[in-house]
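Peer 1: One-letter residues, chain by chain:
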Amino acid sequence: MGNVHNSMNTGKPITVTIDGKVCKSTFGKTILEIARENDIYIPTMCYLTKVQPIASCRMCVVNVDGVDGMILSCQEKAVDGAVVTTNNHELYQERQNIMKLYNVNHPLECGVCDKSGECDLQNKTMEFNVDQQTFTARDQHRPVENWGHVSYDPALCIMCEKCVRVSTEITGDEALKVKFGGYSSEIINVKQEKNYASLGEAAAVCPVGALVQTHFKYTANAWEMTKIPSACPHCGGGCQMYYEVRNDRIYRITNEFEFSNLCGAGRFGFDYANEGVTKDAEAFAKAVEAFKKADSLLFSSQISNEEALILQKLKEKLGFKLVSHEASAYQKFMASYAKITGKHLYGGDLKRLSSSQGIIVLGSRINNDSPTVKYHINMASKWHQARVIYMHPMADSEIQNIVTQFIKYEVGSEEGAAALLAHTLLEDAALTKTLRASLDDLDIGNLSAESNIGEEELALLKKSLQKKHGFSLVVGSDLYMHPRAEQIAKWIALLEEYAGFNVICIPPAGNAMGISLICDLDAQTEGYTVGYNAPGDFVLSALGGGDLDMPALNQQEGTLTTVDKRVVPMNVARSYGGYILNDIANALGLKAEYTIDYTVQLPEEKGFSSIEFDALPDYFDAVGTEHRGYLLSAHKVPVDRTLDEVEELEAYDGAVIYRCDPVDQFSPFTAKSPLLKDEAVLSASPQFATATKLEDGDIITFEVDGVRFERVFKIDTSMKGTVALNPTFDMGLSASSLSSYRFSRLVFQKANNEKIGNDNE
Amino acid sequence: MGLEQFKNRNVGQQEYVLLDVGHSPKTGMDQFKQVVRRTFKGELFVGLWVTMREMINALFKGQMHTVKYPFEKLPISPRYRAIHEMLRLLESGHYRCIGCGLCEKICISNCITMDTRYDENQRKEVSEYTINFGRCIFCGYCAEVCPELAIVHGPRYETASEQRASFSLFEDMLTPIDKLNLQQEYDGFGAVTPYADENIKKTPLAY
Chain A
1 MGNVHNSMNT GKPITVTIDG KVCKSTFGKT ILEIARENDI YIPTMCYLTK VQPIASCRMC
61 VVNVDGVDGM ILSCQEKAVD GAVVTTNNHE LYQERQNIMK LYNVNHPLEC GVCDKSGECD
121 LQNKTMEFNV DQQTFTARDQ HRPVENWGHV SYDPALCIMC EKCVRVSTEI TGDEALKVKF
181 GGYSSEIINV KQEKNYASLG EAAAVCPVGA LVQTHFKYTA NAWEMTKIPS ACPHCGGGCQ
241 MYYEVRNDRI YRITNEFEFS NLCGAGRFGF DYANEGVTKD AEAFAKAVEA FKKADSLLFS
301 SQISNEEALI LQKLKEKLGF KLVSHEASAY QKFMASYAKI TGKHLYGGDL KRLSSSQGII
361 VLGSRINNDS PTVKYHINMA SKWHQARVIY MHPMADSEIQ NIVTQFIKYE VGSEEGAAAL
421 LAHTLLEDAA LTKTLRASLD DLDIGNLSAE SNIGEEELAL LKKSLQKKHG FSLVVGSDLY
481 MHPRAEQIAK WIALLEEYAG FNVICIPPAG NAMGISLICD LDAQTEGYTV GYNAPGDFVL
541 SALGGGDLDM PALNQQEGTL TTVDKRVVPM NVARSYGGYI LNDIANALGL KAEYTIDYTV
601 QLPEEKGFSS IEFDALPDYF DAVGTEHRGY LLSAHKVPVD RTLDEVEELE AYDGAVIYRC
661 DPVDQFSPFT AKSPLLKDEA VLSASPQFAT ATKLEDGDII TFEVDGVRFE RVFKIDTSMK
721 GTVALNPTFD MGLSASSLSS YRFSRLVFQK ANNEKIGNDN E
Chain B
1 MGLEQFKNRN VGQQEYVLLD VGHSPKTGMD QFKQVVRRTF KGELFVGLWV TMREMINALF
61 KGQMHTVKYP FEKLPISPRY RAIHEMLRLL ESGHYRCIGC GLCEKICISN CITMDTRYDE
121 NQRKEVSEYT INFGRCIFCG YCAEVCPELA IVHGPRYETA SEQRASFSLF EDMLTPIDKL
181 NLQQEYDGFG AVTPYADENI KKTPLAY
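Going down the list, the protein sequences come from chains A and B. 274 is the number that the numbering used here gives to position 274 of the first sequence; each next residue is one higher, with no gaps. 14 is the number that the numbering used here gives to position 14 of the second sequence; each next residue is one higher, with no gaps.
Be aware that a few hints might be false.
Simulated coverage check for chain A against chain B, where a stretch passes if three residues somewhere in it have a Cβ under 8 Å from a Cβ of chain B [claimed, not checked]:
1) 121-134
2) 694-706
The following label-pair restraints were derived from C-beta to C-beta distances [said to hold, decoys possible]:
3) A:D653 <-> B:D119: 53 to 63 Å
4) B:K73 <-> A:Q93: 12 to 22 Å
5) B:S77 <-> A:A622: 52 to 62 Å
6) A:Q132 <-> B:K105: 22 to 32 Å
7) A:N586 <-> B:R156: 51 to 61 Å
8) A:Q93 <-> B:H94: 37 to 47 Å
Below, computed lysine-lysine pairings styled on DSS-like, alpha-carbon distance capped at 27 Å [as the list claims (entries may be wrong)]:
9) A:K227 <-> B:K105
10) A:K100 <-> B:K201
11) A:K286 <-> A:K100
12) A:K606 <-> A:K321
13) A:K343 <-> A:K636
14) B:K202 <-> A:K100
15) A:K351 <-> A:K468
16) A:K433 <-> A:K343
17) A:K591 <-> A:K321
It is worth saying that the hints were derived from the structure and are not from the lab. Each residue gets a CB set at the ideal place from its N, CA and C atoms; glycine is no exception.
Throw the hints in and build the complete structure from the sequences for me.
Peer 2: The structure is reproduced here in structure tokens:
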């Protein structure tokens, strides 16, 4: 199964007879799970595979021989030799009565209800032949509530609690709660801001029309739209999703909500297609010329694996430099990582993350950087009471409900933090002599002082992980862009290799992981530069407004590489009338009719499989096993297990800014999506404001890597410390020029041109 | 009957009767007289009198039988499937269509297109509704499936037009608000049965 919330699965084989069919399974699974594995139908209303059994509907009742009364098959673990009956007259009557009760005062507005056609209540009412009502209750006035992205109609709500469960067990922001009150119970929204993900997930799992996406409400019916299976291209998560399209317009995003999740960006950031493009032969000819004379090509991470391969092939043919900063940093990091582990990929995966009992997050503002990884951490926290240790220079109030220990380290001291972590956790590990010597050589006192991580904090960390099993380490892009990234990678890799950690190195953006595997990247651009979704002398842009238009990722087919090391297919949701990268490649001498002809050519030595695009599977089976694309295979690489000394830290005093987009913003493409309305402001704590003498609403300008930012300063009282968050999603193409460490000193000018700040660079 | 009777070709043996057809005029004078006699005989006016009587009845007694098409049309069967009409609620005057989209779904020639939206009053509003009459085959499924009796087939059977678009907009099909009192209830496909009220089973109320 995709998610692991069943910790009692001991694996002991058992045999259960369900409706006369002998089913073999393992102890710890519920009757319902075994029935589904064996294609036996048990009706349910409130059961949601990806969360723990809710047991509010009682539709799944079965009879077990030798047991009096009815048993809830969704939560009852099967025992060896049980004989189960899923349907007889009595059970049918029970279920019919449940459906009648659900239908008490349920408004007869199926004609206009958005859920009509895919409604569980509708289906089951028909299935159990509820043609008359024998129960009554006095109806009450329940006004529709608009919660922003989702509106809630309590009159339609059947109180199955699926929405509450996903907001607790999956997205983890606990935005939705049940307000108990008998017949007048309802769902309440207790979190007004940053609740996109929970609301989106809640609307997806709602079996009736109670929670409906407001933008979609009353615009189309379920049966009118074509479901186009795809993968979300925004962060590196590559989550499964369907574009629901009618008349060349995406109406909404849905997903296989039984088994997989989608964050707010995936759910609401779909409207970024490059529209109204026609074939401009003149611009195309210029583009071909530009490629011919290009000295380098700069591109962003928002491209498919196939496009990355085309760029790599063009590089081999034309000899220009190929530059993509984030992917390049990640590539170097992983290359160094592989020197310790001997495998070219990290060993972790999301399934093991969600079943871990101890999780350390280092160098990533995880809630913003990778929602899907955060959800899996949350699952581990909720299902397995996992210890979650969050190591970052800034606390994050959004995840304080799952973090059990926050370890703050100084900006820039990631190398020290990684070394200290390795030192703490590898004390009893069987290391090679040289590695043990390197560890022993560490000046713990000095590192602890410089990074500001107390030795008692590390002792507490170690103690808290005792008696737990299943550990995960999640690292993020603070490390990849760090000047000492390659050393940090080795420290991290030690934990995978010698401490058995399930390590996940979150790709920094979009398809950065695919790019880092496919392309041979160079460090810096030089001379005449072609920019692909990036600034340059000749710009190819999927955002529109470049020298030649390109299709956005929802207008092309191809594959993406995900954080789960999976290569997943994307399909075309919107039409596109212009030229694509493959046309340019063909004009330059490569030969492929379609971009997806390159899918089969993706480099096998990097773990890709030689499978045609059209042969890639894309589904979940009845028990939720993922069959999307294929998993990358890890290949052996030569090892070089030596560690350098930890370098003296560069001090980041005074005001520091941190490149970090708001939750559910990742790129210019999410910025272009009208449903995701986020303000790009420099937000920081009141303490930061005092230190920089800035006031709420001040407009300041500053530069990072030659990119000029003009930002409104905003005080966020939920933040602490002297680091401000500087979003980049609104910067358009120029965001892909950013290449330095995520933290930088703030040297700014106020709107009145007064230069303030620490300019001791 | 034997075959030999057929083979008996001696027709002169059978009993033929010669009719008295008068005598044809022999001379030119006789021919002239016959013409004059027939011309001035009163029988002519017996025939003309029928025409005259009908004319008098039509003009002076109000018994005209001619239908002055296209100014006047004969009533057509309620089950005739002509150009669609969109009906309004008699009480409020609001259009009946709830935007459920069933007509669009059931249409076998894919000629109905509609767009709906969420309006200020939290109701579903039809923002666009067109029927492509170039494709419509007047099968009547849309009227049959309509749960609100909102789309019906009207009696307007003349489908000739300078432009196809002439009928196809929602506003064109909608009963004009000032003619709401003239709106006829539809008896054709999808209409409620005459005894519908008696067949309704009410929910028992416990309170």
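Peer 1: Quick one, are K100 of chain A and K201 of chain B close enough, alpha carbons at most 27 Å?
Peer 2: 16 Å, holds
Peer 1: With respect to the beta-carbon atoms only, verify the hint that D653 of chain A and D119 of chain B lie 53 to 63 Å apart.
Peer 2: 57 Å, holds
Peer 1: Is the listed coverage of the stretch 121-134 of chain A by chain B valid when you require three or more residues with a beta carbon under 8 Å from a beta carbon of that chain?
Peer 2: holds (count 3)
Peer 1: Quick check: does the Cβ-Cβ distance between S77 of chain B and A622 of chain A fall within 52 to 62 Å?
Peer 2: 53 Å, holds
Peer 1: Can you tell me whether the CB distance of N586 of chain A to R156 of chain B sits inside 51 to 61 Å?
Peer 2: Because 56 Å falls inside the window, the suggested range holds.
Peer 1: Decide if the proposed pair is consistent with the structure: K591 of chain A and K321 of chain A, CA atoms, cutoff 27 Å inclusive.
Peer 2: 22 Å, holds
Peer 1: Starting from the hint 37 to 47 Å, judge whether the C-beta atoms of Q93 of chain A and H94 of chain B obey it.
Peer 2: 43 Å, holds
Peer 1: Can the restraint linking K606 of chain A and K321 of chain A be considered satisfied, given a maximum Cα separation of 27 Å?
Peer 2: Measuring from Cα to Cα gives roughly 21 Å; hence the hint holds.
Peer 1: Are the Cα positions of K351 of chain A and K468 of chain A separated by 27 Å at most?
Peer 2: Within the cut-off at roughly 17 Å; holds.
Peer 1: When you check the alpha-carbon spacing of K227 of chain A and K105 of chain B, does it fall within 27 Å?
Peer 2: Distance of about 16 Å is within 27 Å: holds.
Peer 1: Tell me if the straight-line CA distance from K202 of chain B to K100 of chain A falls inside 27 Å.
Peer 2: 15 Å, holds
Peer 1: Starting from K286 of chain A, check that the Cα of K100 of chain A is at most 27 Å away, please.
Peer 2: 68 Å, violated
Hints 2, 4, 11, counting from the list given before, are not met by this structure.
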